[in-house]
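> Please model the complete structure; the sequences and the hints are all you need to start from.
Read top to bottom, the protein sequences are chains A and B. Heads up, the first sequence is in this note's numbering, so the first residue is 91 and it goes up one at a time. Heads up, the second sequence is in this note's numbering, so the first residue is 91 and it goes up one at a time.
Since the hints were derived computationally from the structure, they do not count as laboratory data. Misleading hints may appear alongside valid ones.
For identical chains, the list gives no copy identity; a pair is met inside one copy or between any two copies.
Said to hold, decoys possible - Derived lysine-lysine pairs resembling DSS-like cross-links, with alpha carbons at most 25 Å apart: (1) K318 to K172; (2) K417 to K141; (3) K133 to K145; (4) K97 to K139; (5) K274 to K142; (6) K454 to K211; (7) K458 to K106; (8) K255 to K101; (9) K255 to K97; (10) K255 to K133; (11) K318 to K166; (12) K211 to K172; (13) K111 to K142; (14) K255 to K111; (15) K97 to K111; (16) K318 to K97; (17) K166 to K141; (18) K172 to K458; (19) K274 to K141.
Protein chains: 2
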Amino acid sequence: MYNFEYKNPVKIFFGKNTISKITAEIPENTRILLTYGGGSIMKNGVYDKVKKALKDFDVIDFGGIEVNPHYETCIKAVEVVKSENIDFLLSVGGGSVLDATKFIAAAVYHKTGDPWDILAKGAPVENAIPIGAVLTLPATGSEMNGNSVISRVSTTEKLAFSSLKVMPQFSVLDPECVFSLPEKQVANGVVDAFVHVMEQYLTFPVNAPLQDRMAESILLTLIEEGPKVLADRKDYDAAANFMWSATVALNGWISPGVPQDWATHGIGHELTAFHGIDHARTLAIVLPGVMNIKRESKKEKILQYAERIWGISTGTENERIDAAIQKTADFFESLGLPTTLTAYQIQAESVNRIVARFEQRGFKLGEKSDIDYTVVESILNDRL
Amino acid sequence: MYNFEYKNPVKIFFGKNTISKITAEIPENTRILLTYGGGSIMKNGVYDKVKKALKDFDVIDFGGIEVNPHYETCIKAVEVVKSENIDFLLSVGGGSVLDATKFIAAAVYHKTGDPWDILAKGAPVENAIPIGAVLTLPATGSEMNGNSVISRVSTTEKLAFSSLKVMPQFSVLDPECVFSLPEKQVANGVVDAFVHVMEQYLTFPVNAPLQDRMAESILLTLIEEGPKVLADRKDYDAAANFMWSATVALNGWISPGVPQDWATHGIGHELTAFHGIDHARTLAIVLPGVMNIKRESKKEKILQYAERIWGISTGTENERIDAAIQKTADFFESLGLPTTLTAYQIQAESVNRIVARFEQRGFKLGEKSDIDYTVVESILNDRL
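Now the structure itself:
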């Protein structure tokens, strides 16, 4: 096991009828910017519950935050924060709204230069406005970490930053929010959480059996509970198990002391940036390719994954790896997520454009930093 | 799954050569009380490393904290904190030193009445001096929670309290501390952590499969790594896996949304109070009795435990439960911990004395609050 540092101070309120808890978590006389997305919170009753809980506060609404939230929209919110003397941001929505809220919180304090530097140049987050979250969509884990991914429309870029300073003070997770989600969002959420685990698990062994088993615990639970949620959106227990699994998939509990990959995300972000494909759907396409092309350097962990998650224990090593890749793709497909570029009519010229971007940036992906643009090309060609 | 609230802000520094990290974690010009136990930290080099890291601070030593720390000793430390204007407590040792340090931190601010009320009457912890910890003995999980257990010599009582306010600001976990531990302390630590998991796991199902699997992950890892540490104390990876498992066993990661038992601890504390038996050794005695006497109300979870942890899948339900109890006791015995009262020459009259205490207190133990003094009697008689 590697040395590690871990800290996660986010307070979680989990369960039905927990939105009212937020009242006591926000200091009196706080001016709140309520950030949200396309308005689903108006239809499912969450907005009304939040407003009721905040009735003694000054609240200004800021809606319209996009899926794959836009930098340009965030900058508009920063102006509102400044002009309205906002001192607390309450994100009500899914991971996109919360990611945007985190960036807004940090950008307000970014004094010198363009706030885009936080994303593009790793400029340090000096300070941030405190954030709270009411989560309406299990998927990204953003409710219990300091990560944020923002897209810039003008340059078709999608980039991430991470800081302890933008971790929510609290997050409310009410599984009943799942009841009104469309099938596609549930399926995307299951795959998003699944791949978050894989990025922290499917690397190389460093003798960290507890972390391995905890990662496998989440994978098995998502495989078991995901289809239940799809089959019956009002199965509260299934919704709760899915929601908590998605949080634990990326809250730092399975990553201490182990290597991490994130190549699937790195490549997937470009598919979103260029083609507008939903984040989770890009992961469903790319992961089988990463597993196939990196089968040698990930061999021990793929074989462990094959046996412990899918019960694959016979055949040669290559046969077991093939079977594990197939099982993974089959799982994604069973949830309704295609696993090839072809399914999205994406062709070789688009692969070339993405590869050129990685060549230009020059950095290498993966737990061994050995995925350069030529390997990215192999991975994407594997999915044509 | 039940509704739950979760928050754990403890910062963890894990790995070899991490003690020096404490320097940056304590505010400048802080007056520190360094709390420790019997002096093993002088022999294993930890004291010197801590003192080096604190060279720019005012540090006052307070050693001699007992295993099963005494209330009377803690009160002496409270006087030192007040007279020396201490504003930070650094615990350097195992769970006993840290539990004492937590009580000292809370007792300093206990203004009205006897600080013992925090333990005996659940008096609220109004405030606490900030605490840091350098852990030298994996076992109790105290390094990442707000729990503390204190013994009062004059009344042979051993009682617990819990508060977010006494959670350490940071804890340093250096697995190399395990290298110099005596066999008995390692074995005790493995069993202590194992039973912490069982208290949160072996109850009744509430459809929380992720929590179940995470609990099982810790049990399997302790069964695998514990004997390795005993066989070769300088196996760094085994020591690290044992140490991290002991922390995760009681840091709140497996308990959200599920029922908890703690009857084994409740009864075990009396064996320590009356007979001075090591904490973990009392758990090794009591747990098989709890499993046997509560086999009906714990049936589903014992059967799941039997299959997933010990691979027991054939036979009648009662046969599988018997086999699971036997495997559990065998595991404890294999580590050198006896599992009967007889092994400690404890006889019926002592059982009567403990039962009388539970009768007098009147409260009931267990996840269903159905273990009254008559059931305690059955459990203890089972271990004669």
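> Each hint should be assessed against the structure and marked as holding or not.
Hint check results:
1. K318 to K172: Classified as neither: same-chain Cα gap 45 Å, cross-chain 58 Å, threshold 25 Å.
2. K417 to K141: Close neither inside one copy (45 Å) nor across copies (55 Å); limit 25 Å.
3. K133 to K145: within (20 Å within a copy, 60 Å between copies)
4. K97 to K139: between (31 Å within a copy, 23 Å between copies)
5. K274 to K142: neither (30 Å within a copy, 57 Å between copies)
6. K454 to K211: within (16 Å within a copy, 59 Å between copies)
7. K458 to K106: This pair counts as between: shortest inter-copy Cα distance 23 Å, intra-copy 42 Å.
8. K255 to K101: both (14 Å within a copy, 14 Å between copies)
9. K255 to K97: Both ways: K255 and K97 sit 12 Å apart in one copy and 16 Å across, limit 25 Å.
10. K255 to K133: neither (32 Å within a copy, 40 Å between copies)
11. K318 to K166: Intra 40 Å, inter 58 Å, cutoff 25 Å: neither.
12. K211 to K172: within (24 Å within a copy, 49 Å between copies)
13. K111 to K142: Within one copy, since 11 Å is at most 25 Å while 45 Å is not.
14. K255 to K111: both (22 Å within a copy, 20 Å between copies)
15. K97 to K111: both (23 Å within a copy, 14 Å between copies)
16. K318 to K97: neither (33 Å within a copy, 29 Å between copies)
17. K166 to K141: within (22 Å within a copy, 51 Å between copies)
18. K172 to K458: neither (43 Å within a copy, 53 Å between copies)
19. K274 to K141: Classified as neither: same-chain Cα gap 28 Å, cross-chain 58 Å, threshold 25 Å.
Checked against the numbered hints given earlier, the structure breaks hints 1, 2, 5, 10, 11, 16, 18, 19 and satisfies all the rest.
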